[in-house]
Structures are given as C-alpha cells and as structure tokens.
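Trainee: Since the structure of chain A is already known, use the hints to place chain B on it.
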Amino acid sequence: MKMIRNLPSANSFGQTSKVSLTVNGTNVEKEVSVRMLLSDFIRHELGLTGTHVGCEHGICGACTVIIDGKSSRSCTLLAVQADGIDLRTIESVANKDGSLHPIQEAFHECHALQCGYCTPGFIMNIVSEFENNEKIDTTDEGIRELIAGNLCRCTGYANIIEAVRDAAEKLQKKR
Amino acid sequence: MSTRSFGTRVKRNVDPKLLKGEGSFIDDLDLPGVLHAAFVRSPFARAKIKSVDTDYARSMDGVMAIYTCDNIGNLDMELPLLIPHDCMNDARTQRTLARDDVYHVGQAIVMVVAINRYLAEDAALMVDVDYEPMDVEVDIEKAILPDAPLVHPTHPGNIAADLTQISGDPESAFARAEHVTKIRVEVERSTAAPMETRSVAAYYDKISGVLTVWDGTQAPLTVRGGLASIFEIDEDKVRVIAPDVGGGFGQKVMFPHPDELLVPLAAMELGMPVKYIEDRRENFISSNQERKQIHHIELYATKDGDVIGLKDFFLHDTGAFIPYGIAIAQVASTSIAGPYRIPNIHVQFQAVYTPTVTITPYRGCGRPQACFAVERAMDQLAEDLGIDRFEIRRKNLISDDQFPYPREGLIFADGLPVTMDSGQYFKALDLIEEKIDVRNFPRMQEEARSQGKFLGLGLAYYVEGTGLGPYEGGHIKIHPITGKVYVNTGLSGQGQGHDTVFAQIVADQLGVNVEDVILTEGDSGAYDWGVATFASRAAVVSGNAIHKTALIVRKKTIKAAANMLEVDEDEIELRDGHAWVSNSNRSVSLAAVATATNPLRYAFNEAAKAATQFAPASRHDGPALDEGQAPGLEATDYYSPPAATWAYGVHAAIVEVDEITCETKIKKYALVHDCGNMINPTIVEGQVMGGVAQGIAGAMYEKVEFDDDGNISNANFVDFVIPYATEIPKVEMYHLETPTPLNPLGVKGVGEAGCIATAATIASGLTDALREFGNPKFRSTPITPSMIHEVLSSGSSG
Chain A
97 MKMIRNLPSA
107 NSFGQTSKVS
117 LTVNGTNVEK
127 EVSVRMLLSD
137 FIRHELGLTG
147 THVGCEHGIC
157 GACTVIIDGK
167 SSRSCTLLAV
177 QADGIDLRTI
187 ESVANKDGSL
197 HPIQEAFHEC
207 HALQCGYCTP
217 GFIMNIVSEF
227 ENNEKIDTTD
237 EGIRELIAGN
247 LCRCTGYANI
257 IEAVRDAAEK
267 LQKKR
Chain B
6 MSTRSFGTRV
16 KRNVDPKLLK
26 GEGSFIDDLD
36 LPGVLHAAFV
46 RSPFARAKIK
56 SVDTDYARSM
66 DGVMAIYTCD
76 NIGNLDMELP
86 LLIPHDCMND
96 ARTQRTLARD
106 DVYHVGQAIV
116 MVVAINRYLA
126 EDAALMVDVD
136 YEPMDVEVDI
146 EKAILPDAPL
156 VHPTHPGNIA
166 ADLTQISGDP
176 ESAFARAEHV
186 TKIRVEVERS
196 TAAPMETRSV
206 AAYYDKISGV
216 LTVWDGTQAP
226 LTVRGGLASI
236 FEIDEDKVRV
246 IAPDVGGGFG
256 QKVMFPHPDE
266 LLVPLAAMEL
276 GMPVKYIEDR
286 RENFISSNQE
296 RKQIHHIELY
306 ATKDGDVIGL
316 KDFFLHDTGA
326 FIPYGIAIAQ
336 VASTSIAGPY
346 RIPNIHVQFQ
356 AVYTPTVTIT
366 PYRGCGRPQA
376 CFAVERAMDQ
386 LAEDLGIDRF
396 EIRRKNLISD
406 DQFPYPREGL
416 IFADGLPVTM
426 DSGQYFKALD
436 LIEEKIDVRN
446 FPRMQEEARS
456 QGKFLGLGLA
466 YYVEGTGLGP
476 YEGGHIKIHP
486 ITGKVYVNTG
496 LSGQGQGHDT
506 VFAQIVADQL
516 GVNVEDVILT
526 EGDSGAYDWG
536 VATFASRAAV
546 VSGNAIHKTA
556 LIVRKKTIKA
566 AANMLEVDED
576 EIELRDGHAW
586 VSNSNRSVSL
596 AAVATATNPL
606 RYAFNEAAKA
616 ATQFAPASRH
626 DGPALDEGQA
636 PGLEATDYYS
646 PPAATWAYGV
656 HAAIVEVDEI
666 TCETKIKKYA
676 LVHDCGNMIN
686 PTIVEGQVMG
696 GVAQGIAGAM
706 YEKVEFDDDG
716 NISNANFVDF
726 VIPYATEIPK
736 VEMYHLETPT
746 PLNPLGVKGV
756 GEAGCIATAA
766 TIASGLTDAL
776 REFGNPKFRS
786 TPITPSMIHE
796 VLSSGSSG
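These protein sequence lines are chains A and B, in that order. Per this note's numbering, the first sequence starts with residue 97, numbered consecutively. Per this note's numbering, the second sequence starts with residue 6, numbered consecutively.
Here chain B stands alone, though its shape is the one from the complex:
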C-alpha cells in the first residue's frame, strides 16, 4: 500500500461481526452456570431505613445469596471521591449498599443473586424494607434557600461546591462598559440512555487466583485499579475486559456503580460466574445523568458591541452525591466565553445536592450549558445594540493570529490553564453564513409568512476543549507467522471506530493494509497502562501514543530489513506488507523480518530456519541479541498531552413553526466544524451527526422529569422521548482542518462536538421565527410544543 490511509474514508474493520449479530456484549457472553443479580432499590427520594428483612427472600427457590450493607465486609463504605478538589468541603459519595439512609429513588439497598433473573427479581420483590420518608426539594433554586430540606445534614443550603474563577480584571471592565446584557438560562436534566444499559459479569478462578470482570465500561483500566484497590488484591490478579459496549456517552465512565463491586464480590464468594444486566428503568433511576444548570450571565460591552467583560453565576445540580467532583461545572466555567476574546471573566458556580440520581458527565459535559448561556446572551446583546447576529460575533471572535490565546486564571478539568491553541474562527463563520444562505433568508421568511408559516434562522458558535491528559499508551507488535500487526491501547471503544482509525495510523507507518492491523483495546490482560475514554480524547491521546509507537516499530523494521537485504536503511521502503529495496523488485515480507529479528533455537517453518543458531545469517561471534536490544518487531510508547486542544465549530439552522400543531420543523441544518486533521472523515461525520442528534434531543424532546416527591415520572422509553429517524433532520457538514500544534498528528477531539451548539441554535432560530409574538426568548430547554403554544397564544416568552 503506497497511498496514505490517514485522512481517507476507510470502512470500519469492526462492522461485519456487528452486522451479523456476532458482537459480544456482556449479556451475550456464554458463562456456564452463570448466576444473575437483581437489586432492591429505594422507592423514596430521601428516607430513613428502619429495617431490612431478607428472611423470606432468602428461603425462595433458586436464591443463592442476598447482600445487604451488613454482609459485604469492607464494601460497606462510602465509595471513593474520584476527583478531589479544594472547593468541595467533605464531599458526599454513595455507599455501596444503603445503610440507615437513602438519598434518591433508585439507590441500591439489597442485591439478590439467584439462578436466573426471573427468580432474582421475584426474591428482590419479597425483601421487606421499612422506610421513614423525609421531606425533599428537587428544584435547585429552592434547594439553596435557608428553609429547604437538606439532602445531607452536613451541607447547609445543600451546597456541595462553590468555586469562583477569574481571568483578567473583570471589575474594572464591568465599570468601564457602556452596555450590559443580563439573561437567565436553564438547561434541563437529561440522560445518556445508551442502547445497551450498564452491565457487568465476573468470575473468580480459584486455581490462578485471578478475578476476571467483564464490564460495559468506558474505563476498564480504572475499573481494574479500583477493584484491586478496594478488594486489596494486586492489580495483576484482576483482569478487566470491556468487550463490545453498546454506547456510553459518558454514563459508563464513572467507577464504581455499586453493581461493579458487588457482582465481583458475589463471584468470589460463590465461586460461580455472576452477572448483572441493568434494565431500562434501572438505567433511568440509578445510572448517572447530567445537564441541569441555571446560568445568570452578563455581557459587558462597548456601544459598538465589543464585549470587554463576562460575568456568570450558575447553579449546577449534582444529584445526591458528587463522586466525580466538579468536572462538569468546571468545564462549563472554563468554556463560558466560547470562541470570543472577552479578556475579563468572572465565573462562579455552586453545585447543589438534590435527592436525585447522581450527576456525572454525559456527552458534552458542561459545554452545551455554557454554549447555551453565552450564545443566547450574544443574540440578546446583538438585539440590544441593533447589530446583526453574525456581526456581533465577528466583532468578538479570536482571530487566527491571536493563537495561542490564553485565558489566564481559568483552570480546565485537566488541572491545566485554558489556552485556545489554534483555529480559523472567522473563516468558519464566513462559511456558515454562505451555506445557510443568509442573503436570501429574509425573502424566504417573508414568503413563508405569507403562507401562514413562521421561519427563523438560528445561529450558535461553540468551542470544545478536547484530548485531556494525563496520558495513554500504545503497544505494537508485528507477528512472525502472518505479518499482521497487533495494536493495543488501554482505553476502550463504545462504537467510535477506534479499531479502524488506529489501524489507519499504524498502516501508514508500516506499509500494511488497514485490515491487517488488529486492535485489542479495553482488556487489562492485553495491555494495562492508560486511563479511559472520555472528553473526546481517544483519537488525540491514544492516537498519538500509537503513532509514536508505530514510528519506533517502523525504524526497527527498516533497520532489520536493511540488514537482511544488505542495503542502507535509507534504501528501504515499507509497502504492501513488505520491506522493499527502492526501485527494485527485491523485498522481504514483514513476517519474515519479524521472524528474523527473534533469534530462535527451534525451527518450525522455512522462515524460522533463517533465525536459528546455525543459520548463515545468525550471529556467530557473540550474543544473539546485543545489549539493550529486544527481540522481534515490537514497541511501546506513550503520549501525554501538554494541555487540552480546542476544537470549535458553528451551527446554523432554518426552523419552521407550524401555527396549528406548534411543532418545530428543522428545514435546514448546516454546520462547520474543525477538529484539526481528520484521520477518517466518514467516522468524524458519524461522530458529529450522532452528537447533533443528541443535541436536538436535548433541545426539543428529552427531559428527565421529577415529581415533587423526587420520583422520575418518565423512567422509560415511552415517556422519555428519544428521537426516532422521523425527528432528526438531514445535516449539512463542512470541515475545516486546522492542525493543532500540540500533538504530532495535529488532531483534536470530535466526540462531543455535535451536541454542544444544537440547543442554542434551535432556540436562536425560534426566537427569530416568532419575534412578532411578543419577542419570546427561548432561554430554557427542551423547547416543547407546549412552550411554543404558550408563545403563540399569549405572546409571552417560553
């Protein structure tokens, strides 16, 4: 293969098995004699547990074990605070199984293990728990008031964390400003809702003493480290495998959910494989969620629209516990100025405990909320000053020659200062203006109006800090029999196509076909250094680690091949799975090179004969391997990013409101994005499209609804409305590629890009469409037909 694979639309290696139903998701694993776990979960948002009676359940047919907080040994504890930060005082985390208190509907109290799931659920129903329900407040604005019931008596005002970050000199900027725009925006709670719910299976092998855990996780090595630490066994005695995982979107990154500890515990105690497959209701009431924030944002500007200061205060709903620290709120804080210069920033948040499912990142992780706040404010500023929405942005965008653009004083979620590294922000805006056909829009709007339809043009710009550290590794080995290239990295995939993009990176360096590069990821038994898949980081961090490793293997291969072919190294070319002498027909296969570089005692095939001790090419005057030389064509290397690299993009939409049904139709949706060099444009587009769909879902449909007692009233797919194909429009995508200077491949992350600006774009479009109805503002999401009906009928804002 002489053409470059990086940057091309290579089809995915993983597809055929998934298309034929031959994937291996956790519940597909054939574990002989496997036992099944089911949970007793709290029906109350906040209650004292007076008693737990498991006697009858224990006597039921097929029940193998029942676990409460009283018989789980040292697992009866508060689970780890994963990301400590000074701004949290005595951060609260969940207990493995509830003791004395429950803090949200769905919290695990008892785990039942039985010979099948039906009997496990039967027994769970027969566990008798006596509760004393307590008062609750689920509204975050009310929860911080002095007389609100407390989730944790230790935390007055239900404040879990309070952090202010300052960049520049905001106070003097605020004083200097000639105009200020102040708005309040609210983004609702949603949930990742991966098609495969969370699941875990475990088996303990008494002979080897190895605990094997199959976990549908984004963070297999984190799970491995956590299990070893909590069970106090060496890491090498715990193997964690993330097999095929049916979507993650952040929900599967946090460890541990209680089942991830209790299923391994049961497997060790019972000496049998045990599995737990969460059901859909459990995914709603016990797996982590995200999004609810209320921002009060203020833009301080000159009369001609130069924004010189930004002040934002927001409340962040963290649910009943805060195990993942302030990551989401911190990302929102540091993304709040978007793509704009705004040199003076004062941003403060308070994280608020509510007796609801715990909040940890869901695709976007604070970015959609920050984008919604600043972009709705930019639209309002434009209106206040009588400036066009594109123009107000143009006045404030960071220009190409201003990169790298630091925001001194703002610390990102990786603990490093925020610096926007590169981009062509103006070019992206110009491009979207052209593609959405701004010039012709007023005519279209007028025409539609004459037919009783309301058209609006929506616009929103976003930035995305991606590719966070600390590091990932890559391991590559060329196999001596087939010449195939085996690649490992520590993080895991949930559908992103890692096996293909990483193969592309390696194929280019080693001159092999993409299909001949075989990736094993997410298996601590195969490779065990690394972190996890989150924050749009796999392509950036693992991608560059694998690239660096491939360069080493390339060098080794060329050196060995030059030796075998008796030419200088610079005469060797790697292509078609062979090392060639340039401009000749002399070559040697990579399999043969891999064989020859491993000095052998025994010969099993023709190629191996050449590597044995009496072969002519073998060394007869000293050791077979030089001091420091390793056998074979193999290497490991790492990449640790100096800082996050900032991707960006701009969305625009033309929306149409139907006056009768109050339905919003997206007539046209276009976006420009820039994630640096694209490894595989098809996969990039797939990521962006999936993100846009989740963005539209949050903008118009999805909201986890709590009643006053803290019950989720739509914990199923009937009432929690995930869009089908009938709700998601066609999206036109335009790419810019500004390589980041921060890493060798020049790539930025793209996983979360699509979902960030969508809600702001739709809200902007609806505001434009319905201006004549009392100038509604659409500052909360999801924007439902009921809200539009209210606007159309009363003329007031939604």
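Looking at chain A on its own, in the form it has when it is part of the complex:
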C-alpha cells in the first residue's frame, strides 16, 4: 500500500483547522485550510493520488471514497468535515501482498477499464455496495442501478456490468 505523506505544505493557507481522522487504517492528524476540498486533501496532502477528480461537482463519481463505511464523493466535502471520520481510498482495496481484490480482478478479467481514470471511483462505489448488502442484484438492471453514480467515457459500461456480476457471484458463493 502506498505510504501516506506527512509533510507541512504550501496548502496550509489562510484560516486553518486541525483534522484528525483514520485513513486506510492509519491515524492522521493535520492542520488544513478550512477551504480545502477533501479530494485535494486526500490527493495532495496525503499523497493518495488514486482518488481522481473528474467534475468537481459530485456528478462523475471519479473521486468516490468510503467514509464510515459508505461510498461518498470527496469533491463535494471539505477536508475539515472529515474530522473524526474513517476514510478508505482505492489504495486500501488490494490485498497487502499486492494481489488484487476480487472486484479489481474481475475488472481485469472482463476488460472493464480503458484509460483507468474513472476506475478507482467505480471500485470504491462497488466495494461499498458489496460490503453493505447481503445480496447484490446481479441482473443487468440491478447492476446498472448500482453503478449509476459513476461516469465512464471509454468503455460504454458493458464490461463493467460483467465485472460486477462476476465478482458479486464469486463473493456470494464464498459467503
């Protein structure tokens, strides 16, 4: 897993406030600008650049992370709102030995990514759904609804739908 950076930076400007949160299982305490977006905090303060920014207004889902167990848009939150939260980013999803999580594996198997820019947002959304639902609706319509908060401009979604089904069925068999 990528190491979290912990340096002072040019981004602690203007009025600041202290935030303390758990990031991918590690406690982080930082003084941040009260204006800073959570997405910028994750990417440029913590150096976790797998969380991408696509639209900056909560539509495309590229910046999706998991906050207290629920998928959330990090571009429409301020870093100061993250005080006390449990935050998980794409960097926490693969296994510690570097091998892929079943949904990542399924994306690879099904060619569910092309440029890969939107992919971390999809993965975080899907991981959250898998964790919060005993049973995933694996019909086409069910999966389309499941991923309807994420935009992809490359794939046309067909292979993402296959990947979600593939991973959901494998995970449900395990349970």
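In case anyone wonders, no lab produced these hints; they're calculated from the structure. Bear in mind the structure is a predicted one, so any value in this text is a computation, not a measurement. Beta carbons: idealized from backbone N, C-alpha and C, even for Gly. Treat the hints with caution; some may be incorrect.
When the alpha-carbon atoms are kept at most 30 Å apart in a straight line, the in silico DSS-like pairs for lysine-lysine are as follows [as the list claims (entries may be wrong)]:
hint, chain 1, residue 1, chain 2, residue 2
1, A, Lys-231, B, Lys-670
2, A, Lys-192, B, Lys-22
3, A, Lys-269, B, Lys-735
4, A, Lys-266, B, Lys-672
5, A, Lys-266, B, Lys-16
6, A, Lys-192, B, Lys-670
7, A, Lys-231, B, Lys-400
Computed far set for chain B versus chain A, every beta-carbon distance over 10 Å [said to hold, decoys possible]:
hint, residue
8, Phe-318
9, Lys-432
10, Asn-445
11, Ser-623
12, Asn-780
Mentor: Frame of chain A, contents of chain B only:
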C-alpha cells in the same frame, strides 16, 4: 510460448496499476514545490478589451507571476495554423493570450501562477478586465447572411473555408436521374469530455538546460516539436512525456492550447515546476469541440433505386478559429458516399466562423455527420421509391470484386486520393439482417402496438478511413539481464491498450510472453520519431512499424543463436524466451543471446564472461563487430502507409418509444464491423462499445448549448448529459475480418468505428416506430424526449 498471440484475447498488461490507483496522470505527479496556474477567461463571446489591470492580483499572497499578452515575449502571437490548405484564405488562429479582442467565452486572457490552486484562482478573480461587448451570431445558417456580425472583420460572411470536390461526372448523372431525394440534416455540437481534463506540467533544469513537459496529450512528439520551434531551442533540449492520460477522443491531439505554451514559459522563468489542471468548466468553455454541421444532401437515382449521383452542400461550424484546418470537413466530404458505389459525386462545404470554442476533431471527425446525412437520405430514397431499406442498400453497395474502389477526385485528410481498399459489404448487411431478426420484426411491432408501445427498426451503414500517415516508428531491444523485450513508439495511449496489442505483435516474432514485452510510448526521451494518436491509426501505423522491427530483431536473434548453438539458422526456433535447436532439448535464453551479441570488456555475471575478449567464443582474428554490425539485439524500423485503409460496418437497432414519458428505449442493438485482422478481439470490442456509447450520447443526449449571447448554458456535468450505465444498452457485436492488402498485418483502425453510425441508426428506428404520427423524419440530433413529445402530440416531424 508456441501459440500465436495475435488474434487472441490477451488481458491487458496495464490494468493492475490502474486498478490499484497507482496510475500516474499529470496531477498525480509528485513535483516538489510545484506552482499552480489559473486563467482569467473571457465572459463575452466577442468583445474589445479596453484594459487589463493586474496590479491588485499581483500583490496578493502566494502569487508568483502574472502573465498577460504584454509580458510573454514572442509567445504574444497568433498560434500556428497546423494544417494549411489552399481553400482557407488567411486562416485565423488564436493568440496565446488575448490582445485587444476576445472571440469566444472562455478565451484565455491572463495566466496567474501562485503557490497553490486556491490562491491562483483567488488572484485570477481579482484581475480587472474592462470589455466592450460586441454583437454576435452563433447560428451558422444566420452567420453567413450579409448582415450578420462578423467574428473576424477579415472574413465576410464568416466564411473560413470553401471547398468543392468532384468525383466522376455529377452534372450528367443529375440530368440522367429518374428520381431525386433531397433532405436537410443537422448534427449538433458536442464535446469529447474526457474524464481527465486537459493538463500540463513543466520543469526547466538549469544545469542540463532541458525543459521537461508532462502533457496529457495524444501527440507528445508534436508537442515537443512545437515547443522547440516556438521557444527556438533544439528538440533535444525539450523532453515531452505523456504519462497516463485519462481519455482523449481527439480533444487532446491539437497543440497548442495556450496553457501548453504558458506553463513551460512560467517554469523556465520561475525556475520551479509549474502545473495547470483544467477544471471541468474550463474543459467546456476552452477546450476544443466538434460535430455541428448542416447538410443538404441529394441522391440522384434510377426508378429502381440505383443511385447514380450524389450532391451534398454543408455548413461546418469551425468555432472562433481554424487551427486544425479543414480536417473534419474534409473527412466528412470524402466519406459522404458511405459504402455505396455512387460513381458521381459533387460535394461542397463552407466552414463558418462563430464566436464559440474552436472546433477540432472529436472521435468520429466528420464521419458521424456524413453517415447521418447519407443514411437518412438512403432511408428516404427507399421510402420514396417503395423499396425496403435493406434492399436499397444492397442495390448500391460496393461488391467484393470491385475492390480496390477508387473515388477519383476526392482527396482524403491525409492528402491522398480516396480508395476503398477491401471489404465484404454484402456479407455484413446479410449478417445484420439475420441478427436483428428482420423477418420477425413486423410481428413484434404489431404486438407492441397492441400494448400501446411503438417499436421501430433502425439501420445504418458506415465506412471509416483509418490508419492515416505520414508514418510511425518502432524500436525494439532485448535486454541482456532479464531477456525482457523493450518496445518504443512515438505516439501515446489514452486507454486503448497499446501496451498489450503491441506486445502481442512482438511476442509472436520473438517467442516471448506478452507480459515480458514492455512498451514505453509517448516519451520523447525514450523514442522521438513519429506523429500522434488520431484517426484510428495507432494499431495500423505503429503496429506495423513495430511488426517490421520485430522481424529484424527476430532475424538477428536467430543468426546469433545459431552461431552460439553451432547449427544452421533454419534449425532455430524462438519460444518461451529461448532460442531452441528444433527437435532437441538444446537452447539458449534470449538474455544470453543479447549478452553474447554485445562484445564486452568487463564481466559482471556468468553470461557476460562468454562475451569478453579472452572468452573462447569471442573473435580473436579481427574487430569484435564486423563493419556495419551493431551490438546487441536491437532494431528500429518505420511504417508509412500508402493510403488510408477503409474499415466499415453496419448497425441495427430495435427502439421502443414510451407514449407517456416520450422516452426512447433501445430494446436491442446489434452491429457487424470489420477492421481487418483483429490483434486482440477483446480490445477491439472495448473500442467499439465505447464508441457506440459516445454515439448514443450524441444521438439522444449530448449537445453543447449556446444562448444568443454565445454563452454555453450547460458547461457542467449536471446539464450536459453524459449517459450513465442506465442509458447505454447491451450491444451485440459480430466481427468480419477482411485483411487489408495495404499493410503487412492486414489490420484496419477501429478507434472511431462505434460512434459513426449510431445516431443514424436511432433516427432510422424512431422514424420507423412513429410513422403513424405524420411520418416524422428525425433529421437532427440529439433526438430528445421533447422532440418525440412534439411528434406524438402534433404529428409533425422532429
């Protein structure tokens, strides 16, 4: 590895890092102390700039520099006209930063550099620009009228270019015709909207004098050449790297957008790394767009449906400037007859300046518009003559034995005459007819009607000139330590899977695993001959260059291995990363062969000992390398296509209209396509599927909307409706593989295929579905629920 990798569904090498969030897109680069740029952009479509006051902004905390047209040296100029053509008179291009005039909302006027983006944007807001707004006309049909306000006073009627191309003898064909079908079609403006916006970062190293630029571009070597030329420094002192790029779709091929010059300038002046990451609104108001064309197309036919002549006149919106020349309009012109013989063609376009974002290619590049025009016209001709839509096409398709089929007089966007090189057009049509189940459709349509639903069958055929020149190169080297094969090419990827398909090509020749072939592309520091990724050309042009190079390395490897194993060359087989003596268990690894072919003075490992000067196998009677012999297993070669190679395909859909919501549902979507030999069918399908999704987006959802003042009123992802998974249907795909005779691999391009025929297919289906409502025609896109509502409620066409 003894099985062939070409043609198989190899999984992509690049996936794991992207899946784990370990990609390196420009904004992910860790550049210590990086400064951030933000822009002041025009809020007016056309205005005089009376004054620009940056004094207050300059005094703000964290501001490092502010650039206007007055302090950017020789960058204060009109940017290059990239593709000159005689039909443009005094073509207008954008200035790096506006001087005196602005020509569209979003045009860059000032660049602010500060220690972070927040402060840069704060300061940009405090720059005071005084404007005198002018009258504008954004409607291209009105913009050409005599009293319309001019975008550029130099161009009466706002005409940027006017070109007529003629094939055959259209006038006599028009006179001879027994029937003519004339229609007007309109395709709206859209935008590529890549998920990663455009971005650029730069750093100037004073010690080496090297300017390094990381650019999210499709054309890193073009950027390198452009920067060197504009800054007047040697190309070797500029390194341009396109790292991971989050989608391009054409928007990232043109150079330069102003930031691509100004960020390097600031980096050189300030001695610090500088970056600019476009925001989503900026992507809408300042990064190039495409699509708006209005065609008046006429098909001249015999009574039994043989089309003997085609006349098309169209207006092409080029936006405020025309830096990319007439490429889009020229592609549309030369694709206008589609897959049909139509031997007599008269096609004219006028490119029109409007005070809007500049137009350069977006995936499709004129092909979707041409397809929409000719296919809607073919449907109308069929209706006029009482002939079935499949039949009218069958009467006119080029048959297999007519290839190569030239369209003399039409010059394609590569400057070469159009010749359709190969295909099985009839077979594709037969196949789609079967797969969409035409026979049973009338029964389905009737059944649906009895349940209050309207079903329609849509059909459209397309052709796609792909794989344009001028050339690309390939460089291959087998590494002596690991035996891994390193491959370079000059163009760059934006998600197409180049690293995998190029690896497949090389793996087959050198007998190695696909995962052991490592591609570095889009880095002028690694390889610096080539052009760019556009026009569905990477697999064709770089693919064949790499293939030719691999053949040379294969030959060298076999020769050296035969020498080492003391057998004839024809007894050597390359597989599993080794050179084997046929039918034996004797082999030598490629790493060892690579080591042995490099005469060494010093030994660092066992294999190297065999290559040193006193080793038995070394030469003791003359120079270690023969005259003309190069060390190692390495080669470079090039491929320059003789002409574009024409892919094609046919789409069909069954659409359903809901009478209450006016929503269109795509019940079934099937397509047949042919891009020659497929290197990797999974990747081909991915390209086609992505194209279909963008095609559906343009057909039903996406339109860049301008108000009367020239403001984009939907410059965000809320109002500009990009389809989610809930809007894109399942697509059935069927492949034909007709190898092109034009290149050694027999491949054609596929990048743009999916988006070309989609709008025409949906429009054809809706026309069929709603025939009873006054026979609507659906000749403009996007086709929205409002248009359908209008049809259902008034019975008139949308």
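Trainee: Ser-623 of chain B clear of chain A by more than 10 Å, beta carbon to beta carbon?
Mentor: Non-interface label stands for Ser-623 of chain B: nearest chain A Cβ at 42 Å, farther than 10 Å.
Trainee: Was Lys-432 of chain B rightly flagged as not at the interface, with every chain A Cβ beyond 10 Å?
Mentor: At roughly 25 Å from the nearest Cβ of chain A, Lys-432 of chain B sits farther out than 10 Å, so the non-interface label holds.
Trainee: Are the Cα positions of Lys-269 of chain A and Lys-735 of chain B separated by 30 Å at most?
Mentor: Since the Cα atoms of Lys-269 of chain A and Lys-735 of chain B sit roughly 26 Å apart, the hinted pair holds (cutoff 30 Å).
Trainee: For Lys-231 of chain A and Lys-400 of chain B, compute the direct alpha-carbon distance and say whether it is at most 30 Å.
Mentor: violated (54 Å)
Trainee: Given the hint that Lys-266 of chain A pairs with Lys-16 of chain B, does the C-alpha gap stay at or below 30 Å?
Mentor: Holds, at roughly 20 Å.
Trainee: Please verify whether Lys-192 of chain A and Lys-670 of chain B have alpha carbons no more than 30 Å apart.
Mentor: violated (44 Å)
Trainee: Is Phe-318 of chain B truly not at the interface, in the sense that its beta carbon sits beyond 10 Å from all beta carbons of chain A?
Mentor: holds (33 Å)
Trainee: Hey, is Asn-780 of chain B genuinely clear of chain A, shortest beta carbon separation above 10 Å?
Mentor: holds (32 Å)
Trainee: Assess, step by step, whether the Cα of Lys-231 of chain A is no farther than 30 Å from the Cα of Lys-670 of chain B, and give holds or violated.
Mentor: Measuring from Cα to Cα gives roughly 28 Å; hence the hint holds.
Trainee: Next pair to validate is Lys-192 of chain A with Lys-22 of chain B; report whether the Cα-Cα distance is within 30 Å.
Mentor: holds (14 Å)
Trainee: Straight-line Cα separation of Lys-266 of chain A and Lys-672 of chain B no greater than 30 Å?
Mentor: OK: Lys-266 of chain A and Lys-672 of chain B at ~29 Å, within 30 Å.
Trainee: Check the non-interface label on Asn-445 of chain B: least C-beta distance to chain A beyond 10 Å or not.
Mentor: Non-interface label stands for Asn-445 of chain B: nearest chain A Cβ at 22 Å, farther than 10 Å.
The structure does not agree with the numbered hints 6 and 7 stated previously, though it agrees with the rest.
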